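Colleague: Throw the hints in and build the complete structure from the sequences for me.
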Amino acid sequence: MKKFLSLTAIVAMLLVTVTGCFGKSDKKTIGLSISTLNNPFFVDLKNGVEEQAEELGFEVIVYDAQDESSKELSNVEDLISKKVDIIIINPTDSDAVGAAVKAANEAKIPVITVDRSASEGDVVTHIASDNVAGGKMAGEYLLELVGENGRVVELEGIPGASATIDRGTGFNEAIKDKLNVVAKQTAEFNREKGLNVMENIIQANEGIVGVFAHNDEMALGALAAIEAAELEGIFVVGFDATDDAVEAVNDGRMAATVAQQPKLMGTMSVDYAKKILNDENVAANIPVSLTLIKAE
Amino acid sequence: MNKVKDFLGKNTALVGLIVLILIITVIDINFIQISNLSNVLRQVSINGLIALGMTFVILTGGIDLSVGSIFALTGAVLTKMLLSGVDPVIAIILTLILGALLGLVNGVLISYGKLQAFIATLGTMTLYRGITRVFMDGRPITGFKSDLVNEIGRGYFLGIPIPTIILIIAIIIVAFILKKTIFGKEVYAVGGNETAARFSAININRVKMKVYTISGFLTTIASIILASRLNSTQPNAGMGYELDAIAAVVLGGTSLAGGRGRVFGTVVGILIIGFLNNGLNILGVTSFYQDVVKGVVILLAVLIDRKK
Numbered sequence: 000m001k002k003f004l005s006l007t008a009i010v011a012m013l014l015v016t017v018t019g020c021f022g023k024s025d026k027k028t029i030g031l032s033i034s035t036l037n038n039p040f041f042v043d044l045k046n047g048v049e050e051q052a053e054e055l056g057f058e059v060i061v062y063d064a065q066d067e068s069s070k071e072l073s074n075v076e077d078l079i080s081k082k083v084d085i086i087i088i089n090p091t092d093s094d095a096v097g098a099a100v101k102a103a104n105e106a107k108i109p110v111i112t113v114d115r116s117a118s119e120g121d122v123v124t125h126i127a128s129d130n131v132a133g134g135k136m137a138g139e140y141l142l143e144l145v146g147e148n149g150r151v152v153e154l155e156g157i158p159g160a161s162a163t164i165d166r167g168t169g170f171n172e173a174i175k176d177k178l179n180v181v182a183k184q185t186a187e188f189n190r191e192k193g194l195n196v197m198e199n200i201i202q203a204n205e206g207i208v209g210v211f212a213h214n215d216e217m218a219l220g221a222l223a224a225i226e227a228a229e230l231e232g233i234f235v236v237g238f239d240a241t242d243d244a245v246e247a248v249n250d251g252r253m254a255a256t257v258a259q260q261p262k263l264m265g266t267m268s269v270d271y272a273k274k275i276l277n278d279e280n281v282a283a284n285i286p287v288s289l290t291l292i293k294a295e
Numbered sequence: 000m001n002k003v004k005d006f007l008g009k010n011t012a013l014v015g016l017i018v019l020i021l022i023i024t025v026i027d028i029n030f031i032q033i034s035n036l037s038n039v040l041r042q043v044s045i046n047g048l049i050a051l052g053m054t055f056v057i058l059t060g061g062i063d064l065s066v067g068s069i070f071a072l073t074g075a076v077l078t079k080m081l082l083s084g085v086d087p088v089i090a091i092i093l094t095l096i097l098g099a100l101l102g103l104v105n106g107v108l109i110s111y112g113k114l115q116a117f118i119a120t121l122g123t124m125t126l127y128r129g130i131t132r133v134f135m136d137g138r139p140i141t142g143f144k145s146d147l148v149n150e151i152g153r154g155y156f157l158g159i160p161i162p163t164i165i166l167i168i169a170i171i172i173v174a175f176i177l178k179k180t181i182f183g184k185e186v187y188a189v190g191g192n193e194t195a196a197r198f199s200a201i202n203i204n205r206v207k208m209k210v211y212t213i214s215g216f217l218t219t220i221a222s223i224i225l226a227s228r229l230n231s232t233q234p235n236a237g238m239g240y241e242l243d244a245i246a247a248v249v250l251g252g253t254s255l256a257g258g259r260g261r262v263f264g265t266v267v268g269i270l271i272i273g274f275l276n277n278g279l280n281i282l283g284v285t286s287f288y289q290d291v292v293k294g295v296v297i298l299l300a301v302l303i304d305r306k307k
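Taken in sequence, the protein lines are chains E and A. Quick note on numbering that gives the first Met the number 0: the first sequence kicks off at 0 and runs consecutively. Quick note on numbering that gives the first Met the number 0: the second sequence kicks off at 0 and runs consecutively.
Derived by calculation from the structure, the hints in this document are not laboratory data. Any given hint might turn out to be false.
Okay, derived cross-link-like pairs now, DSS-like style, lysine-lysine, Cα gap no bigger than 25 Å in a straight line [claimed, not checked]: (1) A:K144 <-> E:K101; (2) E:K27 <-> E:K273; (3) E:K274 <-> E:K81; (4) E:K192 <-> E:K107; (5) E:K70 <-> A:K144; (6) E:K293 <-> E:K262; (7) E:K192 <-> E:K70; (8) E:K262 <-> E:K274; (9) E:K262 <-> E:K273; (10) A:K293 <-> E:K70; (11) E:K101 <-> A:K293; (12) E:K81 <-> E:K70; (13) A:K79 <-> E:K70; (14) A:K79 <-> E:K81; (15) E:K27 <-> E:K81; (16) E:K293 <-> E:K70; (17) E:K26 <-> E:K274; (18) E:K273 <-> E:K293.
All values reported here derive from a predicted model rather than from experimental measurement.
Modeller: The following block contains the structure:
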């Protein structure tokens, strides 16, 4: 029996420690389901939500789907159980998130999507960067750097995610018939995969002069591969302007990064959550502006 | 009183589960609502089915690391068939056969190929994942329309989610097989002492092939449920599921050395993992701490079990 008691005590202490205080209040609660917290971009987005929620007087509950659709669905179900007033979803996958959005619809809880959209279910508003414009921006700048017919690589994001599709579309629009894309592969928005994929591409291709990665994590992975292979004169353009990438641009190791504003996306989604909870009308799509950060 | 102590002594995991439920309920009453419990029971059905199959495998002293990849590949094949207009009933049957065959391949490699289970299933884990990615071209498959298939993951029968009902039926059948059939006794015998089992004229190769086939089959049922719930399948679906399943089996007191363990233990293990995942969410524990708590709970449970 003693063993059970000690087990109980330890588990109880653990839970209490990690939950901190569990007081209730009358504040409205925002539930945020984030695709992953293993990527600084989404951590910025989450921080934006939390700071703005604090500012405007909302409680906020954050669940991490760890890039897995089934966990995302469970998380949204758990948010519904928690009876939150509004749910902000940053989907892991535009198609698979449909079931989660529908579950919230059934529970009559309004849904906002951020960054990636949902292809099914009723979403009040979708807040995202104008990714097509961003991809175009990156393509035009890379073209300017490497000149016509340069051999370039495109590292794609998670297949099927709307950011992947839109950034790819914008980029390819800008460089069509002007640059020569020698390799186009997915590295799933992941730095380690970016490194591995780029290493393989370097092995297989010669004379690469530019890389466009659909996010900075992959761009930095590619950069690591390029530096390890001691190749020079390859311009790497990323997307998202994470701290690491901006530093790399300032050091002249990366050519540029398209600045999405994840924190702004987070704060805007709370602003719109407030409008929705106040029964104001909001547009179905809210674009968040982008800028290009280049080396001086 | 002694009887109670005796019962508790044999059911550490069950006591742990009850304590867990009590603690979470005390902290947040939302946890114990029917709708939340129903959510948890539906959420655990996927890991539950895989863990049941894993119980057979572990009882023989083996391990099946390929379940996550079988999960992804069978889901992909099912959705592809549905999209190309194959009759849903036929698609489901073919998918189940495929899952059983993928498991059988493991069994053949381990029994006739004389490979260690860890190595054989590590190989097929990578192989099946690779085939899945080739088959799906790295992209999710979505948008199939089939009321029957959708019902499997999303429907209710008498107010109980259908995935939960499937899990309960599977538990009953598995418990029956292990307790009441000759095959069940052979599973324990092979895991307990393979040499002795061989001398008792048990066809060890056949037993091994059967357990991996069962593992593949049950994993495929889980895969069909998830495909139905999400109305889509992802190329990286099921990654890490083998570890959740192994954790459930071990939490339930089944020995990784084989020969010792019960289905009831696995069921409790499944519920502990399910309630822990959901409970930590309900309590608002951030995801990084969730892993810390889960790791500690698994280690504690195993340590306490070892002490007895």
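Colleague: Taking the hints in turn, state whether each one holds.
Modeller: These are the hints, each one checked on the structure:
Simply put, A:K144 and E:K101 have alpha-carbon atoms about 16 Å apart, close enough for the 25 Å limit, and the pair holds. Using a Cα cut-off of 25 Å, the hinted pair E:K27 and E:K273 holds, with the two alpha carbons roughly 10 Å apart. Of the supplied pair hints, the one linking E:K274 and E:K81 holds, its CA atoms being roughly 22 Å apart against a limit of 25 Å. Distance check on the hinted pair: E:K192 and E:K107 sit about 39 Å apart at the alpha-carbon level, beyond 25 Å; violated.
In summary, the hint linking E:K70 to A:K144 is supported, as the alpha carbons are separated by about 23 Å, within the 25 Å threshold. Only pairs whose Cα atoms come within 25 Å are accepted, and E:K293 paired with E:K262 is accepted, the gap being roughly 20 Å. Taking the CA atoms of E:K192 and E:K70, the gap is about 22 Å. The hint holds against a cut of 25 Å. Distance restraint check for E:K262 and E:K274: the Cα-Cα separation of roughly 19 Å lies within the 25 Å cut-off, and the hinted pair is therefore satisfied.
A C-alpha spacing of about 17 Å is found between E:K262 and E:K273, which places the hinted pair at or below 25 Å, so the restraint holds. Our distance criterion of 25 Å between C-alpha atoms is met by A:K293 and E:K70, whose separation comes to about 15 Å. Between E:K101 and A:K293 the alpha-carbon distance is near 30 Å, which puts this suggested pair outside the 25 Å criterion. Our distance criterion of 25 Å between C-alpha atoms is met by E:K81 and E:K70, whose separation comes to about 16 Å.
Between A:K79 and E:K70, the direct Cα distance comes to roughly 23 Å. Compliance with the 25 Å bound is thereby established for this hinted pair. Restraint check for A:K79 and E:K81: not satisfied, since their Cα atoms lie roughly 36 Å apart, outside the 25 Å limit. At most 25 Å may separate the alpha-carbon atoms for a hinted pair to count; E:K27 and E:K81 meet this at roughly 12 Å. For the hint pairing E:K293 with E:K70, the CA-to-CA distance comes to about 38 Å; that exceeds 25 Å, so the pair is violated.
Only pairs whose Cα atoms come within 25 Å are accepted, and E:K26 paired with E:K274 is accepted, the gap being roughly 15 Å. Between E:K273 and E:K293, the direct Cα distance comes to roughly 35 Å. Violation of the 25 Å bound is thereby established for this hinted pair.
Violated hints, listed in ascending order, are 4, 11, 14, 16 and 18; each of the other numbered hints is respected by the structure.
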